[in-house]
Amino acid sequence: MKFLRMRPGYGEQLIAEGDVEVGEDEQMLVEEFRRQLEQGMWAAIPVENASGRREAEMVRAFEDIPRAADRVIFFPRAAGGAQ
Amino acid sequence: MTVALCATAIVVIALLWEVMLPYVDRRLQRRRARKAARAAGDVHAYDPGRERRAEQRARELLKSCVNEEEWEMYRDLGMIRVWGGESLDKELRGVPYAYLIYPHKPIVAYLPQTGRLLNEYCVEFPDESKPYGSARLPDSDDVLAKWMALKGDERRLISSANMHLPGRQVDPRQVQRDIWRLGRWERERLERHRRASSGAA
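The listed protein sequences correspond, in order, to chains L and H.
Mapping of the first sequence onto this note's numbering: position 70 corresponds to residue 70, and the numbering continues sequentially without gaps.
Mapping of the second sequence onto this note's numbering: position 186 corresponds to residue 186, and the numbering continues sequentially without gaps.
In isolation and in its complexed conformation, chain L is listed as follows (with noise of 0.2 Å):
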């Protein structure tokens, strides 16, 4: 499973990268999750429904994450923008 994070001036940056069926893997992955949250970011997972069309997930805890996932997408939180 890959966590990538979008950032400006550079685009996505893969920040931890990991196997959840290995237990180091996947405490340093749920580690990296929290971090990330902590810093306000939103995570998203794209996804592809039973017709083959592709979605996306927000997701808000660790185990929200389906095992067979391959990247998590962290994005800065929404702001309400120009008033």
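For the record, the hints were derived by calculation from the structure and aren't laboratory data.
Wrong hints could be hidden among the right ones.
[Claimed, not checked] Label pairs and their in silico Cβ distance ranges:
1) H/ARG50 - L/LYS2: 21 to 27 Å
2) L/ALA79 - H/MET20: 31 to 37 Å
3) H/ARG173 - L/PRO66: 41 to 47 Å
4) L/ALA79 - H/PRO96: 26 to 32 Å
5) H/GLU191 - L/ARG53: 21 to 27 Å
6) L/ASP70 - H/ARG52: 23 to 29 Å
7) L/ASN49 - H/LYS130: 34 to 40 Å
8) H/LEU28 - L/GLU31: 44 to 50 Å
9) L/ASP25 - H/LEU28: 50 to 56 Å
10) H/LEU28 - L/ILE15: 36 to 42 Å
11) H/GLU72 - L/ALA69: 22 to 28 Å
12) L/ARG34 - H/ARG52: 32 to 38 Å
Quick caveat: nothing in here was measured; it's all calculated off a predicted structure.
For every residue, glycine included, the Cβ atom is placed at its ideal position computed from N, Cα and C.
Start from chain L and add chain H according to the hints.
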């Protein structure tokens, strides 16, 4: 004659000075800020290709996440239409509505059947860590962030946004033109697919 010319020249210079003063001020301020940042060791070497490379990476990521049709829409028209899945407005009573996602512009909600514009949702994704001095994501990342947030949790995104009537930031005539362009683009795309499939058969 010479005196008149001199007087005119002085007046012109004085007027130009008045006009140029804010510009010169801004340049000086920027220069001072750069100097301060350099002194604090908080500045990266200027790289003119960085933004372009960032956008290229962002486009690849966007392409890998959205549907083929949506990617082509963005590539050809510079925007993506996403169908709304919630009942955000009681007045709509189940009428299908959609959003137009533009990079770094408000999301525009509209009724595809009539082309009526509903609202503008001003939303940003500022990265306050400002890794290269800016909080602004590359264009395609901004579009992807909106797309994922709308698909994943429409209500949460919409409630985070500032809602305005159409025309606040995006020119409604421009949006109407975009809706028209989108309709034409869809018809042409459908026609191409029909021809390709009949040719293959």
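Each hint tested on the structure:
With their beta carbons about 23 Å apart, H/ARG50 and L/LYS2 fall inside the hinted range of 21 to 27 Å. Roughly 36 Å separates the CB atoms of L/ALA79 and H/MET20, a value that falls within the hinted 31 to 37 Å. Hint check: H/ARG173 to L/PRO66, Cβ distance near 44 Å, so the stated range 41 to 47 Å holds. Separation of L/ALA79 from H/PRO96 is about 28 Å and conforms to the stated range, judged on CB atoms against 26 to 32 Å.
In this structure the hint that H/GLU191 and L/ARG53 lie 21 to 27 Å apart at CB holds, the actual value being about 22 Å. Distance hint check: the CB atoms of L/ASP70 and H/ARG52 are about 28 Å apart, consistent with the given range 23 to 29 Å. Checking the proposed 34 to 40 Å range against L/ASN49 and H/LYS130 shows it holds: the Cβ atoms sit about 36 Å from each other. Between H/LEU28 and L/GLU31 the CB atoms are about 46 Å apart, so this pair conforms to the stated range of 44 to 50 Å.
Between L/ASP25 and H/LEU28 the beta carbons are some 52 Å apart, a value that agrees with the proposed interval 50 to 56 Å. The hint said 36 to 42 Å for the Cβ distance between H/LEU28 and L/ILE15, and at roughly 38 Å that hint holds. Separated by about 26 Å at the C-beta atoms, H/GLU72 and L/ALA69 satisfy the suggested range of 22 to 28 Å. In this structure, L/ARG34 and H/ARG52 meet the distance hint of 32 to 38 Å, their C-beta atoms being roughly 34 Å apart.
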